[in-house]
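Work the whole structure out from these sequences, hints included.
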Amino acid sequence: MPNCDTPGNLILKVAVPVPLDRLFDYLPPLDLRLSELQPGVRVLVPFGKRQQVGVLMAVADNSSFDRDKLKPAIAILDTHPLLSATDISLLRWAARYYHHPLGEVLAAAFPVALRQGRPALLQRQPYFGLSPQGRLVAPEQLRRAPKQQALLTLLQTSGSAMTGTALSTYKSALKALLEKGLVAEQAPVPAAELALAQASLPANPEQQAAIAAVIAKLGRFAVSLLEGVTGSGKTEVYMQIIAKVLEQGKQVLVLLPEISLTPQLEQRFLQRFAVNMVSTHSKLTDKQRLQAWLSMQQGHSAIMLGTRSALFTPLPRPGLIILDEEHDSSFKQQEGFRFSARDVAIARAKGLGIPVLLGSATPSLESMANVAQHRYQLLHLPNRAGNATAPRFQLLDIRNKRMEAGLSEPLLAEVHATLAKQQQALIFLNRRGYAPVQICHGCGWVSRCRRCDANLVIHAADRVLRCHHCGSEQPLLKHCPACKTGELQALGLGTERIEQTLEAVFPDKVVVRLDRDTTQRKGSLEQYLEQIHDGAVDIILGTQMLAKGHHFPGVTLVAILDIDSGLFSIDYHGSERLAQLIVQVAGRAGRADQPGKVILQTRHPQHPLLDTLLSKGYRAFAQSALQERRQAGLPPFGHQALLRVQAGKAEEPQQFLQAVCQAINSLNPGKVQVLGPVAAPMARRAGLFRFQLLLQSPQRKELHQLLDSLLPAIYALKDAKKVRWSLDVDPVDLY
DNA sequence: AGCACGCCGACT
DNA sequence: GTCGGCGTGCTC
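Per our numbering, the first sequence starts with residue -1, numbered consecutively.
If you're looking for bench data, these hints aren't it; they were derived computationally from the structure.
Quick list of in silico lysine to aspartate or glutamate cross-link-like pairs, EDC-like style, CA-CA up to 16 Å: (1) Lys669 to Glu700; (2) Lys11 to Asp64; (3) Lys647 to Asp451; (4) Lys215 to Glu245.
Pair ranges (Cβ atoms, derived): (5) Gly631 to Cys481: 46 to 56 Å; (6) Arg397 to Glu501: 22 to 32 Å; (7) Lys348 to Asp460: 47 to 57 Å; (8) Ala214 to Lys699: 29 to 39 Å; (9) Gln265 to Pro203: 20 to 30 Å; (10) Gln206 to Ala502: 49 to 59 Å; (11) Ile257 to Ile568: 25 to 35 Å; (12) Met680 to Lys719: 22 to 32 Å.
Just so you know, these numbers come straight off a predicted model, no measurement behind them.
We put the CB at the ideal spot given by N, CA and C, even for glycine.
The structure is reproduced here in structure tokens:
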């Protein structure tokens, strides 16, 4: 077809990244080449007074919009679609399922650079490295790069199969070059021989069974749940399955809950696989993330490691999706397009016809229920590698016990005994700062945040009172601002205070505190972890982040200082999270020759949750928790959607939700229960008043049908303009 | 979401 | 007399 032809009646249907749930129609750009008009290309369009980068969804010959009001698109930005038809249908499905505007959902699939309209240009980087067989790998292009020529010659003369010192010389030379940026870690297009896994560890029978089970499913959709305690060798299972996928020339997407776990796994994969591998997470620059995305999208890399947002990376040769620590709530996006990376990963694999492997020591109740219903296959790794024994649990009843700043005397004695044996102790408290509130002994004044329904937390080292919800700060007070005379006291415990106590009680021991405040600086977490592994640390103290990933083989005593707050949570997810936390923290400890001990301080030693978990294990806990959920009609037996609203004045969210309730009543809600409107558990945050409405139904279909008709009605509400509202389908956090 | 337009209070 | 507050409306 000639390029100069007026393209007749062609109308471009474009998804634009704005919170409007519809497509926008455009005339083709003036310099159009018809070959470019494929769904999945980016289109630069005029949008009101500004320009937007949208995605072409379809080309039609008609528009419901007034034809002479249509504007021509400015340019088609890609010569080939960046998203395949399968990717687009997944994103369409996700937009429908989460009831989120398609344009914004599509935007979430692209790295920022592409959203901004940057060219989709993959810069292939020079590379050389060792093949698994010890052979030198270098693409031709490198030989022409004068800078590297000398070194390349040197390396080539070092022989094709290096061993011993030659190998380590080579490796350190390579490392130096990598640091100077003279070579990149990216290998050339993967050759089948390089994809083969090397030096695989001998798998135990359970590992072999798990590996075989997933390999048997390659090439079709299936979900497997790998339940394996810390140290049971899940990563080895992943790697042997990945090796098989690579052998078939396919790509693997590995999703992890957070950045800090990526380097660890990256290291192990780099040692094992000689294919191109990329990782992507929020600490990389936009350019790096673009390159990683394109490298997968263009089939140049075979493995991508990444967090939640990596899920939508296009895969021309999809083979397998692995989602590690599948129970982790950070797989659920908590703002904007609130998708569950786990659930969408499964939908994606279904569309691609490939298997998904979910891994966890403490699978989510949803996944356990799916196993019970034979939707997922359960693969179990019951044993810790190297015959390490499981830790012993001890409930420490602290009622009426003497406490030293949150640490009971029996616990301190255990810490003493552990340190005396030159072993490490790990102490967990999920509250950072010095103390959660400051109180006046004279008049009862407490340090409240002016903008939130929350107390200001004492941060002694920074000498500030800080709100953990909006970030506002004020200097630490010396005198009560209310009565001017009363003595101000720190009430309650945070990690900073425990650190002080531990340093006072164990003056000759090294205490390291790991929380957001001590690990904010880049690389500081890694530095601390190294010290801990080198045995330079006696007591490790910290929050949440201790529960994730990192294993501490020198630790034989784990103490969880306060589990009671998790026992009586208002959110029904609380008990599941507590059980997962206990098992995960416990998993940090112990080794073959020294079983670990886990002490849980509680004032509720008879609590049934603790009893089931500690006497019968996580699976039994999950069974009984699921039983409770079933009786209450809660997920996964019921289905929920939460409408959250906030605004500057308290009446606005209430009015809005009342209008929404009216709309629901006019829409025949059927069996869908409407709970609320109620004030959010934290009714005011960052100066905004927050309310919510929970919709719940025994049938997912019914809930979604209601939402389908409710959302247009909400968009049309006049009150909707006065508030900030968002819909959370399958909420995991009811706050 | 942006970004305009539009109609009422304290300032160069 | 204007600068600017944020209510309301629109984006093909």
